[in-house]
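Protein chains: 2
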Amino acid sequence: MSFSPLINNLIAALRCLPGVGPKTAQRMVFHLLERDREGGRHLAQALEEAVTKVGRCHQCRTLCEESLCYLCNNHSRDQTVLCVVETPADVMAVEQTGGYRGVYFVLMGHLSPLDGIGPEDLGMDLFRARLEQGEIKEVILATNPTVEGEATAHYLAQLVKERYIQVTRIAHGVPFGGELEYIDGGTLARALVARAPV
Amino acid sequence: MSFSPLINNLIAALRCLPGVGPKTAQRMVFHLLERDREGGRHLAQALEEAVTKVGRCHQCRTLCEESLCYLCNNHSRDQTVLCVVETPADVMAVEQTGGYRGVYFVLMGHLSPLDGIGPEDLGMDLFRARLEQGEIKEVILATNPTVEGEATAHYLAQLVKERYIQVTRIAHGVPFGGELEYIDGGTLARALVARAPV
Chain E
104 MSFSPLINNL
114 IAALRCLPGV
124 GPKTAQRMVF
134 HLLERDREGG
144 RHLAQALEEA
154 VTKVGRCHQC
164 RTLCEESLCY
174 LCNNHSRDQT
184 VLCVVETPAD
194 VMAVEQTGGY
204 RGVYFVLMGH
214 LSPLDGIGPE
224 DLGMDLFRAR
234 LEQGEIKEVI
244 LATNPTVEGE
254 ATAHYLAQLV
264 KERYIQVTRI
274 AHGVPFGGEL
284 EYIDGGTLAR
294 ALVARAPV
Chain W
104 MSFSPLINNL
114 IAALRCLPGV
124 GPKTAQRMVF
134 HLLERDREGG
144 RHLAQALEEA
154 VTKVGRCHQC
164 RTLCEESLCY
174 LCNNHSRDQT
184 VLCVVETPAD
194 VMAVEQTGGY
204 RGVYFVLMGH
214 LSPLDGIGPE
224 DLGMDLFRAR
234 LEQGEIKEVI
244 LATNPTVEGE
254 ATAHYLAQLV
264 KERYIQVTRI
274 AHGVPFGGEL
284 EYIDGGTLAR
294 ALVARAPV
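Residue numbers (our numbering), protein chains in the order written: chain E, 104 to 301; chain W, 104 to 301.
It should be emphasised that the hints constitute simulated quantities derived from the structure, not laboratory data.
Think about it this way: if two alpha-carbon atoms lie no more than 25 Å apart in a straight line, the pair counts; the simulated DSS-like pairs of lysine-lysine are:
#1 W:K264 with W:K240
#2 E:K264 with E:K240
#3 E:K126 with W:K126
#4 E:K156 with W:K126
#5 E:K126 with W:K156
Derived Cβ-Cβ restraints for the label pairs, each shown as a range:
#6 E:D224 with W:G276: 56 to 62 Å
#7 W:K156 with E:K156: 21 to 27 Å
#8 W:R138 with E:P216: 16 to 22 Å
#9 E:S215 with W:G276: 50 to 56 Å
#10 W:H161 with E:Q148: 25 to 31 Å
#11 E:A232 with W:K156: 47 to 53 Å
#12 W:V301 with E:E137: 41 to 47 Å
#13 E:L291 with W:G219: 54 to 60 Å
From the three backbone atoms N, C-alpha and C, an ideal C-beta is built for every residue, glycine too.
Take the sequences, apply the hints, and build the full model.
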């Protein structure tokens, strides 16, 4: 590539965004410089500010710029039910169902010994302290239905049970709206095992 | 959406990038905040700097931060052959062929009366002045092979011919490596008309 140094630099910098390769980055740069400099300036400010100021909620570990996130700080939420998820995006996914009134704990990952991610990286000290406050009556494990997510759920379940607190796992089964023919065998097998009386 | 205000703001700001919708923007934000804050900070700086400092070459109108771009400023280039393209990305496309040693003129668009884009928006004053300097011996029209690109090439051809300067258009024909079966009829028809003796 042989654009001007500032353009080359911006193309390279855009590659830090997931899913952005050299051609896409080039297209973005020309779009911004030719058609939307105001948008580019605004993006630079929003980015600088978010990267500098967004930290983690001291209680649930989700991303937020205050010491307590708006969910932990919301006293109309049921503070006795704790839903454990892997990422802030999962918090949003559960919130969008509109059916959950409790609070969250965000692991920011899952157990993955091969990548060197152990319990201490998932905020287990904070999680244990939360359980020992004695306020929590139920812990819902909503980690991903993947091998690592299941292993993490298993680990957390032990930890919660030891403290005689109720612990549940979100249901596995056939997704709503799907067709049996196209659902993978593992999911269907679990759905059969976990069948419920009508 | 109901993340923290700074996160919401960044998600909205990222939507100014072409091809980035709400889900992609959300994924980018979480990636940057959870895994690559340094990259985000660097991107913010590169963006701010490019948006503020990148202007246009005073001679060829391409995007660059100096008053003359590195191609116009390169005296080993043949300053008597002028290739007219629509965008800075097209300059790169021609440069990457490695076969062109002349200089460029960048229209920054094409004639499009419906969008209110007339000759004055394509730097025609600068283009005429360039022709009248008397240095240019050939103008190569490399606007896109689209309806607007062809119309623009036609307009430019008139302008150059009036000044008794040689004017050429890049060849239309079947793209190299393609199969006739899959080439559109219009292209094939033009390739037949423009057939050359072997």
